[in-house]
Amino acid sequence: MRKNSIFARVYLSFILVILYIPIFYLIYFSFSSGKNMNKFGQFTLSHYQDLFQDNRLLAIFLETILLALLSSLIATIVGTFGALAITMVKKKAQKNTLLALNNVLMVSPDVIIGASFLIFFTALGFGLNFGSVLLSHIAFSIPIVVLMVLPRLNEMDFSLIDAARDLGASGYQVFSNVMIPTMLPGIAAGMFMALTYSLDDFAVTFFVTGNGFSTLSVEIYSRARQGIDLEINALSTVMFLFVLVLVIIYYFLTKRRVKKGKRMIGGLIK
Amino acid sequence: MNNKKARAFFMIPYLTWIILFVILPILLILWYSLTDSNNHFTLNNFVTFFRNGTFLRMMLNSFWYAFLITLVTLLVSYPAAYFLTKVKNQQIWLLLIILPTWINLLLKAYAFIGILGNNGLVNKFLQLFGIGPVNILFTDFAFMFVATYIEIPFMILPIYNAIKEINPAVIQASEDLGASKWQTFRYVLWPLSWPGVESGIQAIFIPSLSLFMLTRLIGGNRVITLGTAIEEYFMTTMNWNMGATIGVVLIVLMIIVMLVTGRRQKRKKVNL
Amino acid sequence: MRLVAIFIFLGITMKIIELKHVNKRYDDGFVALKDINLEIESGKFYSLLGPSGSGKSTILRIIAGFTNPTDGKIYFDGKDITNLDPAKRQINTVFQNYALFPHLNVFENVAFGLKIKKVPMDKIKAAVRDALHMVRLDGYANREISELSGGQQQRVAIARAIVNEPKVLLLDESLSALDKRLRKEMQFELRAIQKKLGITFIFVTHDQEEALSMSDEIFVLNDGKIQQNGSPVDIYDEPINDFVARFIGDSNILPGRMIKDYEVEFANKKFQCADAGMRPNEKVEVVLRPEDLDITSPEKGKLVVTAQTQLFLGDHFEIKAIDADENEWLIQSINGCKLNERIGLYFDPEDIHVMRLHESQEDFDARLESYEGDDENE
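Protein chains in written order, with this note's numbering: chain C, 124 to 393; chain X, -14 to 257; chain B, 129 to 506.
One should not assume that every hint holds.
Here are the simulated lysine-lysine pairs, DSSO-like style, with alpha carbons at most 30 Å apart [what the hints assert, rightly or not]:
no.	chain 1	residue 1	chain 2	residue 2
1	X	K73	B	K162
2	X	K71	B	K243
3	B	K253	X	K254
4	X	K166	B	K216
5	B	K143	B	K324
6	B	K323	B	K148
7	B	K207	B	K312
8	X	K73	B	K201
9	B	K397	B	K323
10	B	K207	X	K166
11	B	K323	X	K166
12	B	K243	X	K149
13	X	K254	B	K251
14	X	K166	B	K312
15	X	K71	B	K216
16	C	K213	X	K254
17	B	K324	B	K246
18	X	K166	B	K324
19	X	K(-11)	C	K218
20	X	K(-10)	C	K218
21	B	K448	X	K166
22	B	K162	X	K254
23	C	K158	X	K(-11)
24	X	K(-10)	C	K213
25	C	K214	X	K(-11)
26	X	K71	B	K162
27	X	K166	B	K251
28	X	K109	C	K214
29	X	K254	B	K246
30	B	K411	X	K166
31	X	K109	C	K162
32	X	K73	B	K251
33	B	K253	X	K166
34	B	K216	X	K149
35	B	K245	X	K71
36	X	K166	B	K201
Rather than coming from a laboratory, the hints here were simulated on the basis of the structure.
Next up, chain C with everything else stripped away, as it sits in the complex (with noise of 0.2 Å):
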């Protein structure tokens, strides 16, 4: 029993290691006053000081953020509306079409999702720009919030609902007071999902972008095509630094709910 913990905890220390050396390694180089990842010169902060001087870059990272907190919005919205509709649909075979139709672009490749939205947009003759990108970026979001939603109302009580009515409910008071609660918890989940969605996408955003809008791992690639840029490097500690953060504050905020017996750390992965 001893010795298998033992082994337990030096594997995955291993594997932590492998996953984050190149981060560190990023991360190292960036204070390097070089010019690659080599060798490391002397000690200087250069690097964040052109990054704070990149106007270009800043401006990208806001509207990347404005993007992805829009889409996650919207995304929402029309995500939590589609379950409540799954749901209301009592025949089988409609619920489980309208459940297929929902995967399609959870299991299709981002680079089919992203050529097929760059013929859609272009056969409308939708401009290539931020408008675009946002549409796209509600696109993939929405099924996964279905997903989130639905097994809460598939959970929910439906004798709650005769409750209030009984009770003397309006139509719209059991929705905001009896339905949104008890998909509240879904909806949240699905909101966080949309935001990893929007913030991690690289491959549909890099087809259905135009010239005028970028995002931040757009702009990554292009800037990493053309070689090794430490500017980069000062990028990828900022955003380590700012994921550090995000993540201590979810991890004490489901602390308390974790006790409970569930396990929201599950919701932090993609």
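For this one, chain C is given, so just place chains X and B on it according to the hints.
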């Protein structure tokens, strides 16, 4: 009555999304694959695809690489997921494993340009043993290595959840009935954790077909997978009809793979 | 197998499992077992009885091999098996929630142990058929586990264990998930299966009725220690201390004082009793079982109490009453009484069970032994 109105209210935006962003794009990509650049109906694109050895080789390559990436990820992740269910402070370990997934994929890929380079970390390490420098960057191996690296957490999580769901008494029951550690794994743990393995495979196999950015950044800018080919035709050579054709082939292959893996074996009946 | 049968027939039993000075302390510091010594003989039905946290399940897990004792030794047929893998012990377990393999059907579940041992398929089929017949599940071989009721799952779990022909079968709270009627039925059946197989059953339960009705011998546990062991009748009639008295059956327990041999004082009165061998004026506790109390007129009663509540339970009345010192009395009687009525309680001297405070099992046994000696002298 009221219910019907409510249903319509919720259904309309959702259905609009399904029609515009699910059904229409599929039809459009199909349409493009069946037409030439002058919008005339043709099967030439498919003829080109299946006549041309390069495409077929690329297709096999794509699936072979996706298979290898998935397999190696599984081999690395399964023990990790299993051990994760055994250690103390599981939440912290989980958090540490999930954290890297939150760092932008492109940044991680970028890091490997440095790590795998001729003067990078790996070659410095190899030099300690008097090997190298080995040319790793811009090879197919580099592509698969980085892809595996990126997918590991996505495999660990579902397997961890599946193992966590297993009643520990079932494992003890197996030992109680005389099964060795290996037999317990083979006949109890593995089949019971299969749903997690399955969703891990699904979460990795399909996306690894579309990692064109990795082939561009790490794999040496060569077109080695169908994902890269689609990107090439849409973004570089602008031959959308051929790109759409490759897309359709990819979709069909995926459907076949899913149908084959999704089939359940029927149990034999015994007569006592 | 035949040898065991002969021994049972001759009334000779063999020691099959022995725990010597077993202690168990968990990683979090919780001490589950304190110096447990017990002997299990072959062919008998044992119960480990105690409240949750008393250590009964830990003993079972140590015998099965899922947990190693912190110190102490376990012997099986005289061989030290303290560190032997569970897979290598000739012991099988029926788990609390059955722990059936959800991905296997009934046949595959029962056949599991035999397949592991690479028994030929035709032999497996025959053995599974017999085992399913033993638990009265003929014709269920191809059912999925999820299609079975709780009682049927229970039977599959038993079949899965006994098909391996273990020398000892461990049952961990095995009936607790069943409803009351089914549980009664399974009690009879378990006992019948045990008799038919002639192997040792060790049954862990927190339900005293279950333990009393099925066992040849009971170990009562509390706080990681064996409080008392003996036949159900012995334990019921002569509880060693107030824990056992309270835990097994309903009891009226009162503080008292031994005046001299065969005379005890409690509730401010002196009574003839059957106990002796204690110091004069020694403080003791006295147990009176509610069913030993008869209702009579206040004049004829040895004690006078006032009835407060009365429940009719079908075959008897259960009456709560208080005496002049505000002691509560529980009475089970076939006769009812009027509420707030003064009634007399009558009981025989041997219905008074006197318990010494902190008496060890050895001293307790010796004392009981001496009474039996007295009986023969009379």
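Going through the hints against the structure:
1. K73/X with K162/B: holds, 27 Å
2. K71/X with K243/B: holds, 28 Å
3. K253/B with K254/X: Holds, because 12 Å separates the two Cα atoms, which is no more than 30 Å.
4. K166/X with K216/B: Roughly 12 Å separates the two Cα atoms, so the pair holds.
5. K143/B with K324/B: holds, 20 Å
6. K323/B with K148/B: Distance of about 28 Å is within 30 Å: holds.
7. K207/B with K312/B: violated, 37 Å
8. K73/X with K201/B: holds, 29 Å
9. K397/B with K323/B: Roughly 48 Å between the alpha carbons, so the hint for K397/B and K323/B is violated.
10. K207/B with K166/X: Answer holds: K207/B to K166/X is near 24 Å, not above 30 Å.
11. K323/B with K166/X: Given that 30 Å is the threshold and the Cα spacing comes to 34 Å, the pair is violated.
12. K243/B with K149/X: holds, 26 Å
13. K254/X with K251/B: holds, 17 Å
14. K166/X with K312/B: The hint is violated at about 37 Å.
15. K71/X with K216/B: holds, 23 Å
16. K213/C with K254/X: violated, 36 Å
17. K324/B with K246/B: At roughly 26 Å apart (the allowed maximum being 30 Å), K246/B and K324/B satisfy the hint.
18. K166/X with K324/B: violated, 33 Å
19. K(-11)/X with K218/C: holds, 15 Å
20. K(-10)/X with K218/C: Holds: K(-10)/X and K218/C sit about 18 Å apart, inside 30 Å.
21. K448/B with K166/X: Distance of about 58 Å is beyond 30 Å: violated.
22. K162/B with K254/X: Roughly 50 Å separates the two Cα atoms, so the pair is violated.
23. K158/C with K(-11)/X: Roughly 65 Å between the alpha carbons, so the hint for K158/C and K(-11)/X is violated.
24. K(-10)/X with K213/C: Holds, because 15 Å separates the two Cα atoms, which is no more than 30 Å.
25. K214/C with K(-11)/X: Distance of about 14 Å is within 30 Å: holds.
26. K71/X with K162/B: holds, 27 Å
27. K166/X with K251/B: holds, 25 Å
28. K109/X with K214/C: violated, 64 Å
29. K254/X with K246/B: holds, 20 Å
30. K411/B with K166/X: violated, 57 Å
31. K109/X with K162/C: With Cα atoms ~10 Å apart, K109/X and K162/C stay inside 30 Å; holds.
32. K73/X with K251/B: Measuring from Cα to Cα gives roughly 44 Å; hence the hint is violated.
33. K253/B with K166/X: holds, 25 Å
34. K216/B with K149/X: holds, 26 Å
35. K245/B with K71/X: At roughly 28 Å apart (the allowed maximum being 30 Å), K71/X and K245/B satisfy the hint.
36. K166/X with K201/B: holds, 24 Å
Going through the hint list in order, the structure does not satisfy hints 7, 9, 11, 14, 16, 18, 21, 22, 23, 28, 30 and 32.
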